[in-house]
Each structure stands twice: as C-alpha cells, then as structure tokens.
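Q: Based on these hints, arrange chains B, C and D on the given structure of chain A.
Heads up: the protein sequence lines correspond to chains A, B, C and D, in order. Numbering-wise, my numbering puts 7 at position 7 of the first sequence, and it's gapless, one number per residue. Numbering-wise, my numbering puts 1264 at position 264 of the second sequence, and it's gapless, one number per residue. Numbering-wise, my numbering puts 2251 at position 251 of the third sequence, and it's gapless, one number per residue. Numbering-wise, my numbering puts 3237 at position 237 of the fourth sequence, and it's gapless, one number per residue.
None of the hints are false.
Okay, derived cross-link-like pairs now, PhoX-like style, lysine-lysine, Cα gap no bigger than 20 Å in a straight line:
1. K3081/D x K3092/D
2. K1282/B x K203/A
3. K3185/D x K1278/B
4. K3185/D x K185/A
5. K2278/C x K3203/D
6. K1138/B x K1124/B
7. K3278/D x K2203/C
Some residues of chain D that are not near chain C, with every Cβ distance over 12 Å (derived):
8. Q3055
9. H3076
10. E3078
11. E3106
12. K3124
13. Q3136
14. N3223
15. F3333
16. G3334
17. L3335
For the record, the hints were derived by calculation from the structure and aren't laboratory data. Virtual Cβ for every residue (Gly too), placed ideally from N, Cα, C.
Protein chains: 4
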Amino acid sequence: MKVGIIGASGYVGGELLRILIGHPNAQLSFATSRRYAGEYVYRIHPNLRGLTTLQFEDHKISIQEDCDFVFVALPHGESVKIIPQLAQTGVKIVDLSADFRLKNPEDYNRWYGYTHLHPDLLPKFVYGVPELHHDQIKNSQLVACPGCMAVTAILALAPVVQSGLIENAHIVVDAKIGSSGAGEKPTIATHHAERAGVVRPYKPAGHRHTVEIEQELSLLTGNSVRISLSAHAVGMVRGILCTCHTFLSKGIEIQDLWKMFRKFYSSSPFIRLIRDVKGIHKFPDPKFVIGSNFCDIGFEIDNHAERLVLLSASDNLMKGAAGSAVQCMNIMFGLDETSGLRSPAIHPV
Amino acid sequence: MKVGIIGASGYVGGELLRILIGHPNAQLSFATSRRYAGEYVYRIHPNLRGLTTLQFEDHKISIQEDCDFVFVALPHGESVKIIPQLAQTGVKIVDLSADFRLKNPEDYNRWYGYTHLHPDLLPKFVYGVPELHHDQIKNSQLVACPGCMAVTAILALAPVVQSGLIENAHIVVDAKIGSSGAGEKPTIATHHAERAGVVRPYKPAGHRHTVEIEQELSLLTGNSVRISLSAHAVGMVRGILCTCHTFLSKGIEIQDLWKMFRKFYSSSPFIRLIRDVKGIHKFPDPKFVIGSNFCDIGFEIDNHAERLVLLSASDNLMKGAAGSAVQCMNIMFGLDETSGLRSPAIHPV
Amino acid sequence: MKVGIIGASGYVGGELLRILIGHPNAQLSFATSRRYAGEYVYRIHPNLRGLTTLQFEDHKISIQEDCDFVFVALPHGESVKIIPQLAQTGVKIVDLSADFRLKNPEDYNRWYGYTHLHPDLLPKFVYGVPELHHDQIKNSQLVACPGCMAVTAILALAPVVQSGLIENAHIVVDAKIGSSGAGEKPTIATHHAERAGVVRPYKPAGHRHTVEIEQELSLLTGNSVRISLSAHAVGMVRGILCTCHTFLSKGIEIQDLWKMFRKFYSSSPFIRLIRDVKGIHKFPDPKFVIGSNFCDIGFEIDNHAERLVLLSASDNLMKGAAGSAVQCMNIMFGLDETSGLRSPAIHPV
Amino acid sequence: MKVGIIGASGYVGGELLRILIGHPNAQLSFATSRRYAGEYVYRIHPNLRGLTTLQFEDHKISIQEDCDFVFVALPHGESVKIIPQLAQTGVKIVDLSADFRLKNPEDYNRWYGYTHLHPDLLPKFVYGVPELHHDQIKNSQLVACPGCMAVTAILALAPVVQSGLIENAHIVVDAKIGSSGAGEKPTIATHHAERAGVVRPYKPAGHRHTVEIEQELSLLTGNSVRISLSAHAVGMVRGILCTCHTFLSKGIEIQDLWKMFRKFYSSSPFIRLIRDVKGIHKFPDPKFVIGSNFCDIGFEIDNHAERLVLLSASDNLMKGAAGSAVQCMNIMFGLDETSGLRSPAIHPV
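Okay, chain A solo, but in the shape it has when bound (with noise of 0.2 Å):
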C-alpha cells in the first residue's frame, strides 16, 4: 500500500513519517511540505536520520495514480482547501485538521469562526475514533480525526454517558497537555524560559474541543450533553491528561464501573484500565503512554461529594492524532488495528 502525506514537516506530520517508516504493510510514497520543500525529511525530523532518505516535495501534487491513501496534515482552514479535489481522486484519506470533524455546519461558525466552504462533504467523513465508529470508519472512503484533547475525553466519558450514569449538564473536563500539542512554531508562549514550568490555564472557557466532544456524546446517549472544558499547558513536552468530574444521577460500585468499561472496550487494543493499589501507576498519567497508541482509562468514586472521577491519558501526538489516523488506515484497508502501532511506551523518559 503507497502512502503519502500532505503536511508532513509539523509535529503530527513528524509522527506520521516516524510510525510509517516502521509500518509492515505501507509504503511511504511522499511527504509534502510548502516550506522545506526539496530539504530532507531527516534535517526537520532529525529522529529519522539514518533511517529514510525521502525529501519533501511541494504541496502543489497531483496523485499519483499508485498512491492508495492520504493523510492531510494541515492546519485548520487549510485542509478544506485540498480535500475536495483529493477526494474526487477516490483516494482514501485520513484529515487530521478539525475542518470535517463537525456534523453540523454552523459549528464552524460558532466555534471557528469561520463559514465552511463545503458542507455537502461534511456527512461523507466519518469521526475516527475506531473504539466508537469501527464499522463506518472501515466502510468510509473519509475520516476526520478527532482533536488530541477531544478523543481522549471521549473515550473516557463515553462508557458513563451511554449508560446514563452521569448528570449531563454538569460534566467538567479539566485538561492538561504537554508543549507539543501547540506545534511547531515559536512564540513567546512556547519559548523556554517562558514555556518551561508553567501551569497555564490557557483556554479556561470556549475551547474548540468542546464541540466536539459534545456531539459525540449526544450521539451516544440521545441526549444534549454539555460540556464544560478548560485547558491547561503544563511542563511535559507529550501527552494529555483529562481528569473528567461527573455527578452521579444514580449510585455505583467500583466493580460495576470496571464491567461497564471493560464491556464497552471488549474490542478496542488500545484501550488500558488502570486502577492498581499500589506501584506508580494507579491512575492514568501520560507519562506512560509516551510514544505510543495506547489511551489509557481510570476512575474513582468520590462518595463524599455524590462524584465520579474519570481520568484519561494519551499521547497527544499519537492517540491524539498520528496513532489514530494510522489505526483508521489500518482499518479502512482490513488491516490488524494495531499494525505499525504495537511499539510499547519508552518509560522512564
């Protein structure tokens, strides 16, 4: 299977090159990028030196006819731009940018600010998370991958919400994530001296996510959900963090939890509950998860305060974005999910 990427020279671009080199069933056919165009992929991603000698062409590209599949690695506003002369190529393609993840058009209004310039595609994508959409996602020609924050609260709210356990309108979803998560461009915001140590509630109210979190959920349950999500920066370069506090609308025991969770995920190999008593490792931390596709999910009833804690933690740039894109290929193209994805967590890193 030949691949290519269109926006290769950013992080999640970066990832995508890292996972398909390694990949025992794709080939990795090209890499774009407007700026380093003709620079080897080695020099901006200097990880893959010694391992690929590819170099990146312009985004100016006609497909190939051998290429059998895209991913589009572009920032929000720019992928709408490229996808629908793509798609009428019939070539399948994974969009890792926000603008098809939204079934409703005015969303984009809302929450991006933007009106979208082609909401006849936005029924044809299909939102990839493969614990949720397995079936759509094989049978789609299109997928949107979810943002980094959104599909690691998702998967770890949505057993809860199906089940109808939760007040839905009082769901907090406190997010933390490493410096990676806002690309690769220098600010202030990013530099060092300013970046290194900060606990930095950047987006308290109104994050993008929220949308998307909240039409996943509703699907989930029938129901309107509402979230209430913050962001915070904190010190590690990858991974995410949700804590998700909920309200109980009926009682439970730990033990239930652990049947609801391990039903809902029978079928879903990057899914790990973590609950020990003791080691380093009780509840979810990114930490463990670095470097690979692995969301891992726990919680903790909270009796004094009629409370349930939900708590997950991805790799931002995996689970959150290049691990999922490939696990969608894997399964648009029949592939074992996991192919290329079965690399452990570097731990301690």
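A: Showing chains B, C and D alone in chain A's frame:
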C-alpha cells in the same frame, strides 16, 4: 523579636529560615531537627550557605524565656504532641501541620484516621488565612496555618461563595501541585526518573484538604458547601494551580466579578487579580509567583455551560506554607503584614 | 530463540523487556527479580502493560534446557557470583554489570575496591562494543556489556586515537547524563525536588568508567592512553552527551575527519555522523536518540587552541546498556545486527 | 541615588528591575524599551506585578539631570552607538553588552566580526569583576560587565592561573547554561518542545567569551593563557556550571588549594567555596544559587591524570549579568558591595 522553629529541616522549615534570615524585625533564635541535630543548617538547606552559621538543635527544647514566637513545622500527628505544653508557656505559636486546622474534632477521625488528642485546644486556634481572619489572627496566641491547596482554593472561591453566586453542590477544585509539596523524603513516587514529566492524579477523591475548604467556605456563606477536590502531581518543583470549576446560580458580568474581587481583597496586599488580554500572563500561573508570597487570582465566565472558572496560583512553600505563617506572625506582632515578605517572584526560572 | 533476563526489575531490565517483546527472533522465556518475584512485570514497568502477562520469578533459577540466551542485569558484585555457574551450562550470556569488563584483575581492586572472585573468567569475556569487536563477539559465549558513559566516549574517540591524531595525555571526557543513569532506587540525590534542574558534577574525578575507556583505547593505539573523565548529572531522564576535548598532535581538515569517521564506521549501522549547518541538529544531542540504539557522533576543530572536540550522544539505557546488549545477542546468533532495534527515537519528547 | 535602565525589556533588564525595586539605596528613575514603550513594566516582567507601576519609555531619552547612574542592557553592537554620548554627560554607566569588555580593538574584528566604532573608549572601561578589579571599579565612571560564562569561568580559574599551578595551554572550560541565557526572543532553538531535555553543544569551539577569559587570566599571570571553551545548552532555565579541566604543572594538596582560594577571595562576599563530603551539595551546582548573586567554587584533584578540576556555578542573570552589574554600581557609589543583593537562592525550585 526572637523567633524559633521546631522542625526546621524540611522544605517548609527551610523556607521559614530563608524568610526569617532576611526579616527586618525578627531574630532567628533556634531551629530544631531530630535527625540533623548538631549539623549546620546550610548543609541541609544549601541555599543558606554563607548566610547563617546556625546549627540544628534537637527537638527536646525548653523554650528560652526570651523567645517570643515559635513556628512548628512538624508532620501531622507530631505537632499535637508538643503544642499543648508549648502553648502553656504563653509563647505565640503558628503551627504548620493539620493538627489544629479543623474545628470539628470528629473530622480528624473521618479525614485523618485518628482521634484528636486535645480537642479542647481546637477552638483556641485561628485558621491562618489573613485575607479572611485578619483581626482574629491579630488577637490570638495560636494560629493553625492552612494546607497549601486549601488556602489556594479558598482564596479563589471565597468572594463568589460568600455572594451566593454559584451552586454550592457542584464546586470542583482541580489542583495541580509541584514535587516539593510531597516533602523532602525520597520515595519511588518522587524519584526523578519516575516523577519528571508526570501529570499524576495522585488523589482524585478523598484529599484531606477538602474538609478545610468546606469548613472555611461554609463559615463564609452560612450554608453547607460541598467541595469536589482532585489533586494532581505535575512536573515543576514549586507551585500550585487551582482550577475551580463552578456553576453559576445567577448571571453575572465580568466587570461585576472584577468589582466583587477588588472589594473583597481591598486590604489584602498579597492578592493580585490577573486577567490580561495579551502577553504571557493572561491568567494565574504558579510560574509567576515562585519565591514570593503572592496568591494570584483570575476568572473566566463560560457562557456556553453557565460555568464560572476561578483560577488561583501560589507558591506552595510560600503563600501555601511558610509565607502565610510569617504573614500571620507579622500580624500577631502588630508589624506591617508584608514585613520580610516583599521579594518579587524570580522570573524566568 | 528463547531468552531469559536475570535482574529484570531495574531500568536496564525494563528496557531489555521492552526490546525483546518486539524482537522478531527472540522469545522471552523468563525474567527474574528477587524483590518482585510473583509480581506482574507490568506493575514495575508500566509501559509494558497490555503487552505482556509475564511475571517475575525469583533469581534462584536453574536455567531451563530450552533457554538459549541469558542477559544478566544485576548490580556490580552480584553478577560475578552467579555467572560462573551459568556459564558452565553452555548458555550464551551478555552481562550488563562491570564485573567482567576489565581485562586486568588488579583494576578491580583499584577502581572498584574489591578483589575479583573469578579472574580466570576475565579473558573469556569480550568487551561488548560491536563497532570494535564484531567478530570476537560473534564467536564468543560470553560478552561484557560496556558502561554507558564508557561506550559513548569510546565511540567518539576510537577513530582519532587509532590514527594517532591527538595527544594521548590530554584527553578530557566531560560527560553529562540523565537521571535514569542513577538506577531505580530512590535517594535524596534522585529526589525530584533536589534532582530537577541540576547540573551536578557528581564525580569530577575517579569515575570507574575511566578505566574501561583507557583499556579499549590503549588496545586500539598500542600505547597507553590517559583519560580525564568528569561526570555530571543533568536535568533530563534519559541520555548521555560526551564532550571529548582533545588536543591535536598534527593538523587535520574537517573533510579528512569526515573520511576517517566514515571509514571507521562503514559497517556500523548504529553510528550516525552529525554535522549540519542549519536546523536543530547541528551536533549530537541525546534528545535525538531517545528510545533508539543510535550513537550520534560529531566533531569540531578549534584552530585557536589546536583542539579537536569530539561529541557523542546516546540513550544510556539503549546503546548505553540494553540496546548494545541486544545488538551483541543478535551478532552472537548470526542475526541481522539491527534486529529488534530499528525503532527511531521519539521526537519531540 | 537615581538609577535608569536602557534596554529593560529583556531578561537581564527584568532582573535589574527586580533587584533595584528592592534596593535600599537606589531609586528606579526610568526603564526604556523601544518595543514596549508605553507598556507597564509588569506586563513584560509579570513577576513585578503589584510591585511597580513603572512604564517603559522609548530609548530616545535625554538623561535627566537628576539621574546618577545608568545600566545599559542593549544587544552587542547597540551599546556602542549610545554610550559615547551618554558618557559625556558624566553619568556613571555599567554596560552589560560585550561592546566595551575587550581591551584590544582588533579582538572585535576577530571574535565579533565588526570594527569597533570607538576604540578610544575601550581603555576607559573597567572589566566589571569586583573580585579582581574592586578598586578600579570604585574609581571608574565606566564599567563593562563581563559575559556570564566568562565571569563564571574566570572566578574558578583566577587563583590557580595566578599561582602558576597549571599548564596554560591545556585549559578546558566545559560550560553548561540554561535557556534564559539565550535571551527572550523565541526561535526554533528555544521552542519548548525542541529545547526541553537537551544537552546541546551549541558552540563547541569559537565562543566569544573565550577571548574575555584569556584577556583577564593573561593579565593575572603576565603570560599568555589559552582557553578551550565549549558551550552547551542544558535543560534548566537559569544557571551556569563551568567545569574547568586543567593539568597540574606541579603537585598540590587539597588543603593548600583551600588556602589558596580562601586567601584569594578573602574579601569577596559573593564567593562561596563548596566541598562537602555528604549531603546534596558536595560540589558547586547552579541549582543552589538560583536568584542569588553567589558564585560557588569548588575543586577536585585527579591524581590519575595529574588533572585539577575546577568547578564554578552561578545564576547567569545574576552574578552572570544583573547581579554583578548592581555589585559594581554599589562599589562605584561607595555603598556596601552587597546592598540589594543579599537574597538567598530559592531552594528547591
């Protein structure tokens, strides 16, 4: 004024020493440590080398007649053994453990797992938050310094709880704290290779500071307040951020919140209200208070979810412990509240 | 091929497990730990959760008949007690301690403070640097894996020492290493609050890796080489940078250094020569090898001081330990040297 | 005394502001910034919020008659354009750029790549290391503050170079510096995801501080001293460690080194000699000087290699820049050298 420290070898003790060495009105009289008796203070607190030749003494100390003030920085359960005797000498005391923070003796059974040895002393202690109890502190012999996360959360929540602006049953405090909060004793949980880069939800429910926050906020409002506290270890050494997710019981505008907070803290020199539209300090972030006694407070209204997000940042060893303790001492002796505490934060660090 | 690990609960043991789980030609047969016997491996190495259900066994193991290979990852002084017996079974062994690295038994008295228990075994061990001793490793039953700083320094220095280019009496190796190099046992020196942000010269002189480097380089040149090694703990978890300051005994041009290094490492798949004029990877930096088995090597001529600076970067747990060990195993079994070791570094992390 | 700062928006400017706000004898008169003219100082230096309401002014300033002292913290090449005019007003000046550090005008061509515009002014500047030039500084109108790595290395080497103890042709300075040393301008090299966790040899040879060190040490010994400096970026924000590898030209005992250093620095209040046998501070480490003006110095004899390792640690923004500058100001005004500079380091941080 002659000042002693009982239990001066830990991080809080070290911070008390650092402040008192530079305090214009205090003279450091003694510092005790069972473990390091006889050692120079600067061998345990190497930042003090060249600034003091004090040596640790053993705990078994009869308070000298000329000692006016004692800080007790012993572990929970240890202070309660020593303070009744100390208090009888008439010396003024600030205790930094949890042993005298709670008004209801039964809360010690429930939250700390032991029956309080001297419940008679509990009413004699003032909870050491000058922003709430300035005059009581001034007139008291005995002050119990609050927990680091407790004081940080209380300062963010007090004005809005008092005003009845929010739902008292859905108050989420999502706390993020640096590694110095775990104390100076090495464990696998604080081992650098395991602790670096974590976002570890070490206490998603049942954290002991919950009860302090509820006690103080219930006092303010007259009604019972229920706190949903989850504590996370994050990657820096110092600092706390509390993200308080609350739900509005009535509408309010940002400018009215400004007024409410300005009024509430009009005579509180260590509260800074933070809300900027540009630059690197739009909301509170512990990075900007490191080494200082400030508690930075900010807020954001989430109209989408009828939520009010309150944010507060402090240095857990300063405003969260030693700084508040010295602030109380200043007040108890009629000094300027800020005496010895005016150093700006170090930035960038 | 069936492979066992004796001493698998430390960081090196965990890394051996991580590699072997993904190794196409090896089957993990057992992993021992005195302390954690009976525990699931993934409770100690949480990155392996979901990837193996292996449990630690106690050290007291009679090597099963069908075990072809054993890694011994015990502390210095422990390997020497167990290996003589193991070796007699005929199983191939790579030892990761220092117990069999040195050729001269007296060096153990001088540098390690003990008299070697089995000096007769020393000549039977090959020093496990495939870049220098490939054929000997291939034909040996017993290999002693080098110290992490030793192998990193040796690989930078070998070509220029062999060529007689530098003064042998003024070779300075200034090594910087991450916290995982200190092992998994918590101490005050590795306590996060004390270890974060250090640049701690923990062994300015007398580091034991000195003698390994001298042994190997002296072998290469035929003359005695004197190494001035100083070891520093720095802030990351993984990685080593060796800055080798040497003084030229004759002039040389950069392009001739390139040729010399390219020739010396022409058949070494894990050596990357790094010297770029732009971008973020101009010289070796451990950040770009994390999780991989590469050793990156670079150089710069300082005409002002007639100095040649050689730079080498490795992941101390990979090329500095477990990676080199598996590389040796591959060679000892006639496999492709890179089998199981082709994963790129994770970047950014 | 009224003090102004020209170029106050960078990290060194911010540190000058932090010190001067708390300085008992100085009154902050103005602070300039071309870029931020009109902005409150605390928007750029958020640690100063609540402590000053000063606003930046534009550079084009006619020094007010009542201004007694000016710090110039402009980039190299900018100071030289403004200082000649400033100096004519008779105001005392400490310049923090490199523009007036070197005595030999030709060194600017060689090391900085430009022809000095005012070589006539060079002899009028004293090199601002009070530990070497106290009396000259006292009597001078013009002082050039040293480079951060230069002063840190000079202070470690000065006593042994002066005494003729070491070989002058084999002096290696291996410097490790935090990210604040790169200034406040974001680039890909300082982007958090790229900068976190590095050990980056950014200038293995040819670093400009080389010539400052040689100038000062040659002055001390009367002979030409050749410095082999390599500079590395490491993971913390603040701090420098210089590891100076030198080779003994004659034997010496540790206790004689102690005496030599004690004597040399007998009247230097900011030099601490560090050599402990236990605890966490056996040798200098920048971690223990953060926020203070100390330069910690230590040493170790390597008998094996006839090497003497000298170690020095400083805060690059304090003793390495703003702290030294204020120390010089104090001396130039006959104040206690330590005025405004007595704050201990913050630890742990």
